[in-house]
Amino acid sequence: MDREVLTLSGLRAKLAENPRFLYEYIEFIYDVIDAIEGKVKAFITLRGKDDVLREADRVVDKLIEGRAGRLAGALLAVKDNIVTKGLRTTCASKILSDFIPPYNATVVERILREDAIIIGKTNMDEFAMGSTTENSAFFPTRNPWDLSRVPGGSSGGSAAAVSALEATAALGTDTGGSVRAPAAFTATVGLKPTYGLVSRYGLIAYASSMDQVGPIGRTVTDVSIILDVISGRDVKDATSAHSRGGYCEAAVEPFKVLHPKLRVAVIEELVVEGVEKPVKHSFLRTLRKLESNGIEVVWLSMPISRYSLPAYYIIAMAEASSNLARYDGIRYGFHESVEGRSWYEVYTNVRTRGFGKEVKRRILLGSFVLSAGYYDEYYLRASKVRKIVRDSLLAILREHDAVISPTMPVLPPKLGERIADPLKLYAIDINTVLANLAGVPAISIPSDIVNDLPVAVQLIGNEFDEVSLVALARVVEGIINLAPLVPPLVRRYV
Amino acid sequence: MYSGFKVMIGLEVHAQITSLKTKLFCSCPSNYREKAPNTNVCPVCLGLPGSLPVLNKKAIEEAVKVALALNSTPNKVLIFTRKHYFYPDLPKNYQISQYDGVGSAPLAKGGYIVISPTRGVEKVVRIRRINVEEDPGRIVYPYGSISASPYSLIDYNRSGIALLEIVTEPDLESPREARCFILKLLSILEHLGVTDPKLEGAVRVDANVSVGGGERVEIKNIGSPKDVEKALAYEIARQLSIIRSGGKVIRETRHWDKSKGVTIAGRAKELEEDYRYFPDPDLPAIPIDKSLIDKLLSELPELPDERVNRLIQKYGLTRYVASVIVTSGKDLADFFEEVVRQCGSPQLVSSILVNELLRWVDELNVDLREGIKRLNKDRLCKIISYYNNNLINIKLLKNYIKEVIVNNAEPEALVRQGYVTIRDYRVLEAVIDEVIRENPKAVSDALKNPKVINYLVGQVMLKTKCRADPRITNELIVRRLRSLGNVS
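Chains as they are written, first to last, in my numbering: chain A, 239 to 732; chain B, 721 to 1208.
Hints listed in this document are in silico derivations from the structure and should not be mistaken for laboratory results.
Every value quoted in this text rests on a predicted model; they were computed, and no experiment measured them.
Worth double-checking, as some hints may not be accurate.
Here are the simulated EDC-like cross-link-like pairs (lysine to aspartate or glutamate), alpha carbons at most 20 Å apart as the crow flies [what the hints assert, rightly or not]:
id, chain 1, residue 1, chain 2, residue 2
1, B, LYS778, A, ASP475
2, A, LYS252, A, ASP299
3, B, LYS918, B, GLU949
4, B, LYS946, B, GLU1130
5, B, LYS1010, B, GLU993
6, B, LYS777, A, ASP475
So the derived list for chain A, only partly shown, Cβ under 10 Å to chain B, looks like this [stated by the list, open to error]:
id, residue
7, LEU325
8, CYS329
9, LEU441
10, VAL576
If you want the footprint, here are the derived chain B segments under chain A, 3+ residues with CB under 8 Å [what the hints assert, rightly or not]:
id, stretch
11, 757–769
12, 773–784
13, 797–806
14, 809–818
15, 891–905
Glycine included, every Cβ here is placed at the ideal spot set by N, Cα and C.
Work out the full structure, taking the sequences as your base and the hints as a guide.
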């Protein structure tokens, strides 16, 4: 397949010329899937090619008639914690293993309205709790760049599918870095929008005050196109906000929205502590490239950032313990025989057998930090840290166009390497949780290949200013000049 | 005081905001009654994965109106808090409610209601707080009760209905005061147009009661003011007998078994349940502006206290009668004013409503609204006009009211059946002859003591089924006695 059409923007251009190319494209995607999905295991539920081809007929007709939507022909992979009407949605949990939602998430409605085709539902850490996709109740997903390594998480299936050419682009969700981490580990672009920019209606809640749906694509422009479609106020989500729009234009012509004297901040705490040497060296090389292209790099300190990880985990676990209370097997999902048992016993059995270990750990810790007597000491304190983090970050962003950091402090770990020790696993979220605590947008873009493994930088932008963020990200992407990257596993297809 | 022991009662009244068209956090209709089970539901009120609550804005206005009417102070922002407990009728296993604690706040704090438990006595009952919350679903026991049913069913049609929780300080000191408080509160809610207390299940009460400074016992889920009075009376007697026999009342939750008239032990409450309250991240805090409060204040309708005063001034009613009419429900007060507007006689009408209508409704155990429907304006005005035209006497009037309410009789039909006052001298004299013949002892007594005449009048009444005109009867008896001997 021609490299040009691997991106969403390239595919759109090609389909505009030749609508019937869509059939060829679908055949190509399924060829790749047939060849490598058994190894990568990005999908929990993959739609059949015939179904997809039937749906393509309608899209091709619309393309021919010139009334196709902005995502016409895109084969999008959707993370399995976003509900899809009539299409099984599991959250990678046994407790929802047979759940077929009776309604669509707002983001799903929006991509379908723009004629995207959903190719399948992607693997993830159970209830989005994890950074490696090893916590799936079904199977781990593997990194297409090195099958012995994790793809990152929790949106690991979505990122792996995009990286391995099994989908045009994908929707992930990001509560503490779950879009950006797998994007970084798979050399894709992942965007976590400002809290509220994208509706959460139909996103199965993990930590409601931080969850956001975000696009994963091969380029900054691709994720911007999807952001244009999914963002904006939704009456079904009281925390959603209006969207300015114009993200795609900003990515295509970044200097129309950016001023010429760009200045990015480096928070030294995010680079000094716990960052693996190869990642750190690569990051410093990237900074030098930016400087030599006229971007000013300012080093500064944000002492509160050392408390951001514990604050994040306390708040996330507290909200998770509440959000996951509803899974009792009574109305939907995994159930146990009720014969001769009290409702309490049934609940206990369902939750004991239906939830995985990490989910139980977070429910227990979350219940603890909300319990009487500990609420003030943990939850309230964490909320105070959160406020300070937000204020500090917003103060930095008033003086700088973005904060730049390595997205992940480590190279993609081997399967099983981090999962054994939860604290070591939680530690790799150190750079991503800041944006979720503060509610601001952040984007991860591939910056290097080190030891044949992807390395990425993260840009954190000002709230509701995704226009400037994607424009800056496009400039940085241009300077780095790597995208789009294709892992060796599928190089023979392009 | 009960045999020297002080009784302390605090109430938690749950009243649905029945004036809303939709549920509190979704667009399902608020009228869930008489629908097939689990048909009045959506992803939000079923708590399906991914669904989110969106506040019904009208609910804030309704709740703030209640706060203002109860002299309570609304919080500056509306904050919803999750209250966690596992129970099958609660689809999310947490209830979106409100809480008085760090980071959370009830809709309103403070306030009071003045009640008049006995004639001439007024008592201030303080309100602690008012919450807005969602109603859970309903557990249905297919064979009537928990014990008789091998399984239970859940109907989520009610899940998500807007509910007010009004909590008092423990200021109430008797079951009667508790009943008076609830009646007054319901009358206020009705006058505001927020709650229709006549709808089945629209109002449920939890009552906390302690005797002699002992542990408090909570009686859950009582359905009517009358049952609150009964349940508390039973519970106080139960606690007193424990104390008298040297025992100690334990802190627990009990349930009111209406059919048996007893409270039954529920779960013991040794530990305070940990509800793990925290502000609901799905519902941003909403400011309750001064401008909204001012607007709602200016739009408050006439409330029960003002109405009582107006009834006193406009119709010359006593404070007691006016209070009984107003606190018995807005319907009764409206009915009173409608009838008086058409046929005057406010004293007579008020006395009929308070002494006859309320009594029969209570005795027959029918809904007051049903009583008013039977004794409607047309019928009552007819009866009053018969009375004013001397077609019926006061005793017959009372019988007419009874016939109309108990047997749904038409007043005209009663008249057609000849059930009217007998004023015909000949007819009355014939009856009097009979009475005099049958009561020689009374007659001779009456000749000495004129007070005994009343007894003879009563005998005539008995024989005529109250139809004799009392004044004429009296006159005729006196005349007959005179002809028999000397009457002073």
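Hint-by-hint comparison with the structure:
Taken as a hint, the LYS778 of chain B and ASP475 of chain A pair is honoured in the structure, with Cα atoms around 18 Å apart against an allowance of 20 Å. A threshold of 20 Å between alpha carbons decides the hint, and for LYS252 of chain A with ASP299 of chain A the separation of about 15 Å falls inside it, so the pair holds. Distance check on the hinted pair: LYS918 of chain B and GLU949 of chain B sit about 18 Å apart at the alpha-carbon level, within 20 Å; holds. For the hint linking LYS946 of chain B to GLU1130 of chain B, the alpha-carbon distance of about 30 Å lies beyond 20 Å, and the restraint is violated.
Taking the CA atoms of LYS1010 of chain B and GLU993 of chain B, the gap is about 36 Å. The hint is violated against a cut of 20 Å. Restraint check for LYS777 of chain B and ASP475 of chain A: satisfied, since their Cα atoms lie roughly 14 Å apart, inside the 20 Å limit. With 10 Å as the threshold, the beta carbon of LEU325 of chain A stays out of range of chain B, its nearest partner Cβ sitting at about 13 Å, so the hint is violated. Hint status for CYS329 of chain A: holds, given a least beta-carbon distance of 7 Å to chain B, under 10 Å.
For LEU441 of chain A, the suggested interface contact is upheld, since its CB lies about 6 Å from the closest CB of chain B, less than 10 Å. Look at VAL576 of chain A: its Cβ gets to within about 8 Å of chain B, closer than 10 Å, so that hint holds up. Note: the stretch 757–769 of chain B has 5 residues with beta-carbon separation from chain A under 8 Å; the three-residue rule is met and the coverage holds. With 3 residues carrying a beta carbon less than 8 Å from a beta carbon of chain A, the stretch 773–784 of chain B meets the three-residue requirement, and the given coverage holds.
Taking a C-beta to C-beta cut-off of 8 Å, the stretch 797–806 of chain B contributes 3 residues in contact with chain A, enough for the three needed, and the coverage statement holds. Only when three residues or more bring their CB closer than 8 Å to a CB of chain A does the claim for the stretch 809–818 of chain B stand; here the count is 4, and the claim holds. Judged by the Cβ-Cβ criterion of 8 Å, the stretch 891–905 of chain B is not covered by chain A as claimed, because only 0 of its residues qualify and three are needed.
The earlier numbered hints that this structure contradicts are 4, 5, 7, 15.
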